[in-house]
Amino acid sequence: AQSVSQHNHHVILSEAASLELGCNYSYGGTVNLFWYVQYPGQHLQLLLKYFSGDPLVKGIKGFEAEFIKSKFSFNLRKPSVQWSDTAEYFCAVVMDTGRRALTFGSGTRLQVQP
Amino acid sequence: EAGVAQSPRYKIIEKRQSVAFWCNPISGHATLYWYQQILGQGPKLLIQFQNNGVVDDSQLPKDRFSAERLKGVDSTLKIQPAKLEDSAVYLCASSSGTSPTDTQYFGPGTRLTVL
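Read top to bottom, the protein sequences are chains D and U. The numbering of the first sequence is my numbering, which starts it at 36 and goes up by one. The numbering of the second sequence is my numbering, which starts it at 2 and goes up by one.
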């Protein structure tokens with residue numbers, strides 16, 4: 036069964052710092068990759084997704100992620116964070132065959148200090 | 002467009018009691034999911050419906066959990082009897098189709114506390 040690892044459980048940054056959140060998955064076949072975000076008091080919402088083509092994908096609010104197949108990774112980046120980016124970030128994967136539901140990582144709580 | 006609706010938002014029960022959660026997906030969405038999110042963990046799939054048929058319930062504890070999606074629209078998830086370890090947020094999500102690239106849209110969740 037596939038699994039997703041997010042090694043950074045809690046990240047604290049100052050405004051304008053650069054962000055990179057790690058995500059690794061374990062599945063040898065074709066995967067579709069997602070980053071979801073949950074702002075305080077709000078529901079999970081899609082930040083970006085990758086399923087084919089350019090491995091560098093851009094999402095909402097200036098976020099981007101790079102799919103590196105050889106490393107089974109899909110790290111999330113943002114060059115300059117804002118206080119409003121304070122949230123929990125979840126990486127998730129869906130296999131191209133079989134189960135269609137998302138398999139989530141355990142999440143990374145990002146705290147941006149003004 | 003309206004998002005995924007869930008009720009209640011919060012529920013506190015004692016162990017061995019029963020509880021039910023309701024979900025109304027985005028209009029026209031064929032696929033509906035129920036996830037369980039335990040504190041400090043990512044959401045985990047409990048059951049997936051396509052229209053009113055079950056696609057995947059391999060991780061649903063069927064001795065105590067049940068779910069249905071009548072008429073392929075609303076869905077209910079029931080726990081009977083509840084255990085302490087069922088304390089979690091129960092999330093409902095929907096997507097327009099069954100493609101693995103489809104975006105899943107999540108509701109606000111129901112936070113269940115079992116005492």
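Keep in mind that a hint or two might mislead.
From chain D, some residues computed to sit far from chain U (all C-beta separations above 12 Å) [claimed, not checked]:
1. His44
2. Ile47
3. Gln77
4. Thr121
5. Ala127
6. Arg135
Which bits of chain D does chain U cover? Going by a derived footprint, with three or more residues having C-beta under 8 Å, they are [to be verified]:
7. 112-120
8. 140-149
Source of the hints: derived by calculation from the structure; they are not laboratory data. Positions of the beta carbon are idealized from the N, C-alpha and C atoms, including for glycine.
(request) Any hints from earlier that this structure breaks? Give me their numbers in increasing order, please. (result) Violated hints (numbers, rising): 1, 3, 5, 6, 7; every other hint is consistent with the structure.
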